[in-house]
Structure formats: structure tokens, C-alpha cells
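**Student:** So the sequences go chain by chain: A and B.
For the first sequence, position 411 (counting from the first letter as 1) is numbered 411 according to our numbering, and the numbering increases by one without interruption.
For the second sequence, position 535 (counting from the first letter as 1) is numbered 1042 according to our numbering, and the numbering increases by one without interruption.
Hints listed in this document are in silico derivations from the structure and should not be mistaken for laboratory results.
Hints are supplied without guarantee of correctness; some may be wrong.
Claimed, not checked - Residues of chain B clear of chain A, computed beta-carbon distances all greater than 12 Å:
hint : residue
1    : ARG658
2    : HIS662
3    : LEU876
4    : ALA894
5    : ARG916
6    : TRP1075
7    : VAL1085
Claimed, not checked - Pairs of lysine to aspartate or glutamate residues, derived as DMTMM-like cross-links and limited to a Cα-Cα distance of at most 25 Å, are as follows:
hint : chain 1 : residue 1 : chain 2 : residue 2
8    : A       : LYS179    : B       : GLU617
9    : A       : LYS197    : B       : GLU617
10   : A       : LYS201    : B       : GLU702
11   : A       : LYS380    : B       : GLU1052
Where is the CB? At the ideal position from N, CA and C, for every residue including glycine.
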Amino acid sequence: MRTNSRALFAALALTPLLAGCFVSGEGGSGADAEGGSAGRLRVALAVPPVQELSPYSNDATLLSKLSVAEGLTALDKNGAAAPALATSWKQTNPTTWTFELRKATFQDGTPVTAESVVNALDHADAAKPKPRVLSDVTLTAKVDDADTVTISTKAADPVLPLRLASPALAILSAKAYHKDGTVSPVGTGTGPFKITKLTGKTEASLDRYDGYWGGKAKAPGIDVTWIADGTARANALRSGDVDIAEWIPTAQAKLLDAKTRHEVPSVRTDSLILNTGNGMFTDPALRAAAREAVDGSALVDSVFGGYADPAQGLFGPAVRWAADKRVDVTGRAKAATPAQVRSKTKGKVLRLATITNRAELPEAATVLQQQLEKAGFTVKQDVREYTQMEADLLAGKYDALVFSRVTLLDTGDAVAYLASDYKSDGVYNIARLKDPKVDQAIKSAAEESDTTKRQQKIMAAEAQILRTDAVIPLVHEKVIQGIATNVEGVLLDPRERSLIDVDTRLK
Amino acid sequence: MSVTSVGADARPAQWRAGLGRLAAGSRAGLGRLAAGVALLTAVALLPWLSGNDPALTVLRARSADQDPTPAQLAAVREQLGLDEGPFTHLVHWLGGLPRGDAGTSWVSGEPVLPQVTAAFAVSFTLMLGALVVTIAVAALVSARTLYLGSRRRLHRRRGATGAAVLAALPKFLLASLLATVCGVWLGWFPSSGWEGPSSMVLPALALGVPSGAMIGGLLDQALPAAFHEPWARTWHAYGFTSGHIARHALRRTLAGVLPQLLPTVVALVGGAVAVEKIFNIPGLGRLALDAAIAQDLPPLQTATLVLILLGITAGLLIQALRRALLGPALRDGALPALHAPALPRRRSSRWAAGACAIALLTLVIAGLLRDPLHVDTAARLLPPSAAHPLGTDSLGRDLLARLGHGALRTVGVALAVTAVCTLTGLLLGMATQVGAGLTEAVSTLPAVLAGLLTTAVTGPSVWGAALAVCLVGWTPYAAQAAALLEQERASGHMLASLSIGAGRGYRLRRHLLPAVLPAVLRNALLRLPTTVLVLASLGFLGLGEQPPTAEWGRLLSENQPYVELAPWAVLGPACALVLLSVLAVSGTASGRSGPRRTADR
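Pulled out of the complex, with its shape left as it was, chain A reads as follows:
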């Protein structure tokens, strides 16, 4: 009996040691690429892959961030379409465009031809559910000759070249598209780096693709680690485990060495969205009272630790053309005084919602609560994870929402955001705004094909939207990228679409 129990104790004590080494040895097998390989970039990214790097999912941005795949076009610094796989393009009539392709090869060795481009675009168009960038357009691609593609759209689409820069419309070789509808960019892109291995949702390794049309990349490869927790990402950079860590939370920014901290104005705008469809904010005077009460600049130095700009409008400094073309807002409702607010709300509680996904938002909501209470509102917060409240948001169950929104969606065109969020038939119209003048302004911007005029009309639509007080912009976010001092050539992109390209390397 005694020996028996002793043996059991021994077993109990030994198992963990043995099993521990064994399984973790296996679990760490993805680490074989690191260490001695000089010059490889080690990158910590924030959003783990959700669909095996499929370009039709969240993972698409990864393909452009790490220069794995390219589209026909790319966006330049000012947000205009620039050549990528297409060297040039022209619009032959309002619904038809022709694109001249450059000589390039896929990472699997096959050449980029008009046929492969058509194949890729057809697959994107047929994908279920459809990628967002194609949700409001139907396009048909045709082979003209070996290196010319004609793309026609059902309705006129002035921003087609911008659209084609979307990572979701990356051109992959025929091998990438599987019969069951899945798409794999592993070794099928055209970019300077090719994915060689993807280990679950934790790691990926990329090697330089020597046949890249734009020359050989300076770094021999990239080792990607996905670290969802912001503090852990910052820690990984500080302890030297990675060379580049994206999206450092503002709470951690001060802990980074100043030389490794790089801020980029982001196309994200945080705002307070008021529900104009039901509840207390159907009253324009109350909306105006809320607008006057709320001061977004108080958030900049506190909640955002200085890593934000006070809101100028819906579009911030990251949208470079916006400031010059901004239209003054006129015709706003007169704000109710605190006493009027109290009598109008009659003890009704303002349901203020926000999401936990971005750490700054709950803090911002608490600051706003105090500001709104000063104006006479009684506020109750509801803070949840985004997916836990999205259905309620779309159903209009809240009076106000503190929200962070990308103002240039994957089309790179501001109209898409305005149309989905503020048009009466917008699918993401959380403000439940139904205003004919706003609808008209957005529609007119959408139809404009001249770039400058389009931008002017977008800003006119912005003024129309702000006039309704359905949305109160608070701050324009800044993204903090952590980059070790021995790395050069990292792209600081306000659209969060590019990070590493041919010129990025370790010094």
C-alpha cells in the first residue's frame, strides 16, 4: 500500500516535467526560423488571421502590409490611384476601363497575364459573402490581349482605380483559388515577399521573392508573430523580441523609448453618434445641446495621452485634402439650455453605449458622461464587446454611441463611408439619419468623377451631416507604431495598409 502511494506521488511529480518539455518543444516548432538568420525582420502584428489569410476576410490587409500580394493599382500618399500590376489605365466610356499590365511573375513562377487577372477578379466577384469593396458595384473583367484587361461596371463607377487597390482584390495566381471557394495567398502573390509557412494564428514566416518585378527586397525575410494584447506587443518590442510592433496602445506609448515610437495620423475618427431615429435625440435641440456639451479636445491629452488630434470634422489630418476644402457648417439647431434639457428629457435616461474593443473608448465615454451630465442629461452607460452589442446598435436601442470608425474604407474613397453610415438607406446607419439634404449631398458626391470636385462635394456632404448633429466628432486618432532603432524604411501609412516593402531592412 505504502509503495503504491509513493509511486503515485512520484508519477504525479514527474509527469509535468516530462510532458512539459515534450509538448512545449512541439508547440515551439514554429520558432525554427529565428535566431541566426541575419537581417530577417521580426514583426508583431495585432490582428491574428481569421480565415487562413484569405483576401476576402480581415486578413487581406496583412497581404498588403507585408507586401505579399498586389492589386492592379495601389494608393499613393495622397490617396490617389498609382500603378501596381497595371502600368497605366484609361476610361474608354463611363462604365468601361482598360488596364495595361506590366511584366511580372507570381511567386509560384507563373507569369501574370490578362487571363490570371480576370480569373482573380472573377473569383472576388463570385465570393460569398462578397468582399465589401465590391458590395455596391458589379464588375466584369475581360481579356483584351495578353497584357490588357477591360473592366466594365454595370453603373458608372468613377472610383474604380481606387477600388482595385483594395487588398481584397489582390491578384493571385490560378493555384490560389480552390474548388471549395477558399483562397490561399501562400506562395501565390506577386509581391516582394512570399509566405512560406503559417502556424495557426500565432506565427508566419515569409521569404524574399527574388523574382519581384520591382527588384529584390532588402530584407531576406519576415517573421510574423501575432500578439493580440497591446501591452504584450509593446513588451515584445521593449524586450527586443521583435523589431516592429504595430498599434501600441496609448497607455503603453510612454513606456517605449522615444526613438522607437512613431506616430501616424490615422484615418480613424472617434465620434459620438446620436440616435436620431428614436429616443430623446429625435429632438434637434437636444442633439445641439449634446454637441455644445461635448468637448472632444479634453480627451486628447488625457484618454489618448496626446496621441490624437482634436476633431476638425468627420475627416481628420490623415485625409490630406480635407482641411483645405472644408465647408462651414450652417443652419444648425439652437441648443437647449440645461434647464430645457431637464424638462425635455423628463427624467428619461440617456443610454450611452460604447465598446471595449478599443481600450480608449470606455474611458472616453466616462469623460463624456460627465460633460453631458453638466448639460442636464442623466446618463447611463452600457459597455460591451462589439459583437455583443452590434445587433442592438443597428436596431437603435441606444441614444448615443462612442465609436471609432475608419473614414476611408477599403475603397480608399470617402463616399463609401458617408453612404453606409449616414444615407437613409445606409446599412451601417447607426445614427438612423433620414435627411433628404444629406442623401442628396452624398449622392451627388458619389456621382462625381472629377477628383477635385468629388472631394469638394464630399466636404459639402460632411457639412450637411454635421448640420444635423447626428454625429459629433471627438478626436482623430493617431496610430503609434513601435519600430526598433536598427530598422529603416518602415512605411507609416494612415490607412494601415502598408508597413513593410522592398526597402525595409535592418541597418
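Since the structure of chain A is provided, determine the placement of chain B on it from the hints.
**Tutor:** This is chain B only, laid out in the frame that chain A set:
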């Protein structure tokens, strides 16, 4: 030795007992099966119960930018076959299991089984690491009592202050601290990742230290009773070595404490989400949480099944260990009851209780006089000063005020939840056969899962968090009560009591409850801080008090990002939790009177 002393001609009794055990075993097996089936069905119904369209959550998980147009949602619904309803899915999934096919993820379209097994291997390894730390810490905590007791120098009862302090440390805070200090500052171990044995050290410490303190605390409190038994006195008088006596006392007490490993350590396989996040470990907890949030049913179901099976396996293993430890004594009803001796309490522990009470009271009264909600963005993260004795948080709110105002609510809810859990645990612990199966099946389930089920049924509410924690929080007490009851039922005086015709109620009142209650209560009080933290961890589901209401668990979690920049912002609430824990543990120890217990025997 009294533990294994068996009559020579006890064969018929053994035989009868064997038959009885067989019947009990099959009943327990049925209990496990029923519990497993019920849980899996509940999980399978989740997307339909929650009122949250699974098509929308899956679409969101795939692509954050997607517009939720009816056409897109219909495409997802058709792709996943959501219109077929929950039971078709469940049957389909169950049907695939024998073939080793656990379905494909709704979000990624990849086969589920490889993902879940990989994550399980990682989490299991981490748990084993945590187990080693737990055993080491538990040994350290109970070493002094073991040393003194085996030499019969245990004259005063210990206050268990040290154990209470360690057990009250929030794991995520410990993890943050270790990652920063040992990972970033000193560079001793990797601050994140899962690259090899060295990445295991810090997370295992973060998970193991509080668990070890908890187990050690329980062991430490049970040991004096073993040393108080006649055999120990006799052996000492005969001159047996102290090591020998210590070993047998340990063996005697371990049997009652071992079942605590299931909800305390084994449960970490699925319940260490916060630590997995901080150290970026690709474990099962995170996988299950991500799947649950996206309502990605196949991985969620598979993870649940794995956790249930793990719980049952671990439960059986622990039971076997207990049998091996106690031997035939348990089976043949020859165990003396393990009752604590009436040792005088050490003055220091009484002092500790008093000091904690005064400190907490001062804290609460001073805090209540201040405004906990006033935001002053200019005064953010100020260190302690005359104006703000405990400093301010990231919004410039006074931390003392927030602690004071949060105290009553936090402690009240935690106590209520603990009371309900203890009661449920006691009841289920008494229903031996069914209870055992249910305990094993539930004890490894993370509270988040219960939280999701609760939100699905009740919607986000203040009491939702309490309900969710009650749903899973009773397992430690049920496991403990069942183990202690089994021993008590096997004791000689129960037989005597039975033979003189004592009724059920009498036995329950005079023997069973007194044998179980003190130990279970102590366990519950040691777990009080954990309860506070678990309650707060469900906040992201909309359960519990909404911000900006002050609440200790929230104070800790909302200030966690500032742990390095403004340590005082977490130090205050962490100290308050420690004070509460020490007060609860040492305070109740002085409240209970020993002599009545001895009179029973």
C-alpha cells in the same frame, strides 16, 4: 497505524462494499453522462438562444469592414446552414466525432480538431507547469505546520495570513507584473510567446502561486487535526521519526484537499484567458473565448467537450489517488473523523484580523466622504499625495473614493455569490453519485461560457454576472464537501451513531455538517478575492454593474494597462483585496469555537 488498520476477516464486508461501489460507479457514470449531454446541448443552443444573429457575429469575425446587408447575412446563413436549426447541427457534429471529425470552423472554414488539440496541448502543458508551482507553493505554505506538528510542538493555531495574502493576488496582475519585471526589465524569460520551456516559467508562476497558496492554505488548516489524532501521539511516544509522522499526517489530510486541484488547477486549461492574453499563449481558453464571441459553434462545442472530458478524467484520477492514499480504511468504514483540535489562536493572527478590519474600515469611511465619479482629466495618474491619498486613475478620479464607494457593493455581491455557491456545493456534494459527475463536468468550464449562456437567457443585467458565477462557482465546495463527507461517513463514530438508531437529520446535524462546514467555509473565504475578479471579468459581456460605477474588480482591470506607468492605480485595489481576504480568513478563525467540536467526539 490507524489509517489502514483492517480486520483480518472482513472479506464479506469487502465483497458487499465492492458490489455497492459498482452500483455507485454506474450511477456516477450516468451522472457524468447526463451532465455532459446537458452542457453540450446548452452550448449547441447558444447562437439560437442569444438573440445575437450568428450570421452577423460570424461575418464580423471574418471581416470587420463588411457591411451587414441582408444579402450578405443570407449568404453566410446559407453557407453555414443556419436555417436547419440547432439540433441538426448538434447531431451532425456528434455523428462526425467517432470518425475523428469535429466539423469545420464557421469563421475560418478550417477543420476544428487540429486547432483544438493543438490549443489543448499548449494549455495542458501550461497547466502542468502551474501544477508544479502550485505543489511547491503549497508545500512552502504548509511546511511550518508540518514541521512543528510532526514534532508535537503545534501549540497554537496559525492565522494563515500568508496564504490568504498570496491567494488574494489577482492572476492577471501577477502576470502583468512578471512579464514587465522578469520579461522586459530583467530579460530573464521571454515576455511573451510559446517557444519552449523557458516561455512557460512566467505564466506558470502567475497561475501557480495563487493556486498554491489556496491549496496550501487548506492543507495547513487541516494538518493540525491529523496531528491531533491518537495515532500521532502514540507514534511520537514510541519514538517514530518526525518525518514518518509528517508523511502519514500529510497522507491523511491530502485526501481531503486533493479534489480541490480539479477546480483550482485543472480548470486553468480553459480558464486562464487573461494570462494567456498577457503572455500571448495560443491556449484553449483564448480559442474558446474567440469562438464563443463569434458564436463559432464547432470549435466552441469541441472545446467544451474536451474540457468536460478533461474534468471527468482528472476527477477519476484524483479519486483513484485518494483511494490509494486512504486505502481500505475508507472502504471499510474504519476512518476516524478528522476534527480540528481546540488550539488557542496565536495572538499575532488576532492582531492581523484587527488591523485588517481597522484598515478596511478607515479606507471605506475615508473613501465614502469623497466623490468617486468626478473626472478631472488634468489630474490623471497622479501619485499618492495629500489631496489624493491613494493617487488618481487614468481619468483623474480619486482612487480612495472609488475604493471606498466600491467596497460595499463588491464585498456584498461577492459574499452573496459565495454563499449561494457554498450552499449549492454542499447540497451537490451530499448527493454523492450525481453530484460527483456534475462537479467533474462543470469544474473545468470557464466562467465566460456560463456568462454567455446567462446573457443569452437573461440579457445583459446587473445580476447576470452573479448568476453566471453561481452556475460554475460551486464546484470547489461540492468537490470538497463530497470528499470530506466520504471520509466522515466512513468513520467509526458514524457507525456507532447509526447502530444506536440516530436518524438522518440527527446524523446530518451532529456529524456530517460539523465535519464539513468549517473546512468548506474556509475554502469559500480563501476564494472570496477570486470571486470578485471573476465577477468583474464578465463585464465585457455587459454583465454586472456598468461603468463608471466603482467596483474593485473593475478598478483592477481598468487600471491594469497602467501597471508600469502608475503602479499605485492597481496597488490600492490589490491591497484592498488582500486586506479583505486576510480579514475573512483570520477573522472567522477566531469566531469559531473549538471546544464544542471536541465535545462531539
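**Student:** Please go over all the hints and tell whether each is borne out by the structure.
**Tutor:** Against the structure, the hints come out as follows:
For ARG658/B, the condition that its CB be more than 12 Å from all CB atoms of chain A holds, with the nearest at approximately 22 Å. For HIS662/B, the requirement that its beta carbon stay farther than 12 Å from each beta carbon of chain A is met, with the minimum near 30 Å. Every beta carbon of chain A lies more than 12 Å from that of LEU876/B, the smallest distance being close to 20 Å; the non-interface claim holds. Its beta-carbon lying about 18 Å from the closest one in chain A, ALA894/B satisfies the requirement of being farther than 12 Å from that chain.
For ARG916/B, the condition that its CB be more than 12 Å from all CB atoms of chain A holds, with the nearest at approximately 16 Å. Even its closest Cβ contact with chain A, about 15 Å, leaves TRP1075/B beyond 12 Å, as expected for a residue assigned away from the interface. Annotated as non-interface, VAL1085/B keeps its C-beta farther than 12 Å from every C-beta of chain A; the closest such distance is 23 Å. For the hint linking LYS179/A to GLU617/B, the alpha-carbon distance of about 15 Å falls within 25 Å, and the restraint holds.
Under the criterion of a C-alpha separation no larger than 25 Å, the hint pairing LYS197/A with GLU617/B is consistent with the structure, at around 16 Å. Distance hint between LYS201/A and GLU702/B is fulfilled; the C-alpha atoms sit about 14 Å from each other, no more than 25 Å. Of the pairs offered as hints, the one joining LYS380/A and GLU1052/B holds, with about 11 Å between alpha carbons and a cut-off of 25 Å not exceeded.
No hint from the list above goes unmet by this structure.
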